[in-house]
Each structure stands twice: as structure tokens, then as C-alpha cells.
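Enquirer: Residue numbers (this note's numbering), protein chains in the order written: chain S, 139 to 405; chain H, 24 to 227.
These are computed hints drawn from the structure, not numbers from a lab.
Be aware that one or more of the hints could be misleading.
Stated by the list, open to error - Quick list of simulated restraints, FRET-style, between CB atoms:
1. S:333 <-> H:122: 47 to 53 Å
2. H:75 <-> S:320: 23 to 29 Å
3. S:320 <-> H:79: 35 to 41 Å
4. S:316 <-> H:79: 29 to 35 Å
5. H:185 <-> S:315: 31 to 37 Å
6. S:391 <-> H:105: 26 to 32 Å
Here the structure is a predicted model, which means the values were calculated and not measured.
Cβ atoms here follow ideal geometry from the backbone N, Cα and C, with glycine treated the same way.
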Amino acid sequence: MDVIALAWWQLALAALMVVALAGCTAALRLGMGRSLLIAAARTVIQLALIGLVLEALFAAERLLWVALMALFMLLIAGREVMARQKRRLLGGWAFGIGTVAMFLSSFTVTVLTLTVIIGPEPWFRPQYAIPLLGMMLGNTMTGVALALDRLTDTTWRQRAVIENRLMLGQRWQEAVGDIRREAMRSGLMPMINAMAAAGVVSLPGMMTGQILAGSPPALAVKYQILVMFTITLGTGFGTLAAVAAGSRRLFDGRQRLRLDRLAAPRQ
Amino acid sequence: MTKFPALRLARLAIGELAEVSLIIAPGEVHCLSGPSGSGKSRLLRAVADLEPHAGEAWLDDIDQSSLPAHEWRARVMLVPAESHWWADSVGEHLPQADVSDLEALGFTTEVLGWQVARLSSGEKQRLALLRAVSREPAALLLDEPTANLDDATTRRVEAWLVTRIRERGWPVLWVAHDPAQIARVAQRHWRIEGSELLEVASWT
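Okay, chain S solo, but in the shape it has when bound (with noise of 0.2 Å):
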């Protein structure tokens, strides 16, 4: 490979210019400074970490250790589309709801595009589940999170309208309809977005990162649509799924709205 190594004396330098950023920001006063340090540390702490945990993946390339870093990564992502949302289904469901709905999306279509499309061998080899994985994953967080919060939160807003529907003898599915559209849509349209203004207005970082490393840059090209494509169909579907089921969840066997199983927001 024609990459040019880096040092740590080189990231050295450039963390002394984010220690400067940080001392302007104590001067100006916007008391963020503190938590831009703690920031920046915990990406060179939780980069190196993962970059020990790869080289150790790459060397062994085992589907058991595969799967565990898989599963590790998806609880993970189940922890955050829980912590993004304001009122969040209780009884674990919010994180119940959100991983099952990431892990079978993104799992699903991930499998399926190292093994029909790209057909490494063996079909887990770390190097390219392990980062497609991860792409799909954080982009279906993101639409999981999204979707939710819009469906619990507009759900406890129009609470009144929702059982005034009820009452006129709708079924439970027509009356938070148009919500649940609402949640579905804007859990996709970060993505149809992307996907709009890639190559335009930003150059993605998957593909960046590959002509970085040497590759020419109509392969680098390729790989980045493919990888648009399966994160539009993860999030897509992740999206789908977690909206029907966190609908059907506000409702109980009788079709009564039960807003006493969602949390309080926290402040």
C-alpha cells in the first residue's frame, strides 16, 4: 500500500491545535472546553481500543469472535436509540423494540451483501464485515432513534385526537396513522438526503477514506454506492419495523391508548 504512515508524534501535533481550540473556547467563555478535552481523549482512547480489538479480529478471523464483536456492537447501538429518546417505552421495550428492529435489518441485509454481493472469503472476513457492519449500524441507529422519538413524542401530544378517533369506532392502526407515517418518514429521510447530496455537497467518508489509502477512485466509488444503498435498505426497513411494533406497543389488547407506558421526559 502507497499510504503514508502515521506517527504519534504527528496526531500529537494536531491534538496540541484542539488543546488550543480548547483554550480559545475557555477565554471566550462558552464553557465547553472541559467537555471538548474529554471528548477528544475519548476518541483517541476508544479509537486505539478498537484498533487493538481489529488487529486482534483480522489476525484470528473466527466467525465466533465475529458474531461476539457483532452482538457487542449492536447492544451498544440498542443502548443509544434508548438513551435518544425524550419519552421512551418503559419496561424495556424502547430498547427491546430498537435493537430487535436494528438486528434484523442491518444484520440481515449486511449477510446478505458480504455473501451475494461482495463474496469475500470466507464470508465473515472481519475486514469487510466488521466496517460494513458498523456503517449500517450507526446510520440505523440513527433512523431507529429518530422514528421512535417522533412516534412516542407526537403520540403523547395528540393524545386527545387519537382517542376522539378512537371513539368514533376507529381501529387502532387508522387512528394513529397519520403519526405513525410521520415517524416513518422521518426516520428515512436522513438518508434520502444523503443520498441526494452525496458526491454534491459532501464527499462521504467510507470513500474518502479508501482513496486515502490508495485505492483508484472509481472502485472507491462503486464500494461507496453499495454501501449507501445497503444503509438506506437497513435503515429503511430497521425504520419500518420499529415503528410497527412501537405503535402496536401504545395500545393494549382492548385498542385503549396507554400513554402510562411511556417515561416521563427527562429534562
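Got chain S; can you put chain H on it based on the hints?
Expert: Here is chain H on its own, set in the frame of chain S:
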């Protein structure tokens, strides 16, 4: 089975209210009064099965829990004190509005093209009654159906409702405050005192 069904509450209990048992015959209006916060609206919500509750409601020999909830609510229709609208125009909420009903409530068919946002609270209340009635329920639960109306309109709406109730043989549970209105429309009058539902002797 008779042509018109009766509405029967069997040991229905919700919130503070103790078990309520009563039978409303077809075409009969039972008024319900009581201090605010005493649970009148919640009782209606329990009959419409919108809140978890103890006991059962029956429409003749049909048990509340034997029907899918939306079918029960389509038959035993609750009209809340404050109505809510989801589409932009009035007409979208009233696909089967009857012209004579519209006129009886002081509207013309023009109202169907109006925006919901420009309706006054009195107009909303009358149209919400019409919206419920036009879906052809088998029983009505009315929560202060004339609260936002002036005297003349109240009389007009009352007269229209009573005529429809007689015609269609609906059993009706009607939450009201005004003793004069109760005297005009009700066959029986119940009052919530504490956790009890007591019958108020009729003085008509």
C-alpha cells in the same frame, strides 16, 4: 332480541367510583351529574372501553369484551366534552352527513367545505354530535353536549337530539349540569356523591 337494544352496566367500577349497575332502556335518556372531578367522564370512558376498568357493559346480550374494541365503540359511541379533528376540512370528518341533520343544527351543506381551524367552539360541538350520530351508533354517551352553546342553540340541539334518540331507540347516558336541561331531557337522573351513584328523585 328486540329491535332496539338496551344498554346495561354490570358492576362497572373505575377510579374512585364504586361498582355501578344500571339499565338504560331503548330510547331512554339517563342524566348523570356530580361535582367536577367526581368521575363522570371517566365512567363514560369506561363504558366506551377506553380505560381499563372492572365490571362489564352489555348492549342487550352483547358483552363489551366479546366484540373487538373498535366495533364496540362504533356501537356505543362516546361524544367527549371537547371534540378533536384530524383532517383539514369539516367534510372529511363527515362522509355520511345527512342534509336534514345539518339543517336541524343550523348549518347548510356549505359547512362541509369549511376549514376545521375556523370553527367556533359552539360550531365544533354541534358538528361533533353530528359526526357521531352520522356513524349510526346503537347507543350514545354524551359528555356535556351543550356546554359551549347559548340558550337558543342549546334548545335547538336538545330538541334535535331527543327526536333522533326516540326515532332510533338509542339508550343514552348524558352528563349534564343544568337542572332545567336534566328536567327537559332525562327519564332518570343519577348523581355522583363521593364514590356512590345515587338516583335523584324525579320532580317532573
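Enquirer: For which of the previously enumerated hints does the structure constitute a violation, in increasing order of number?
Expert: Violated: none.
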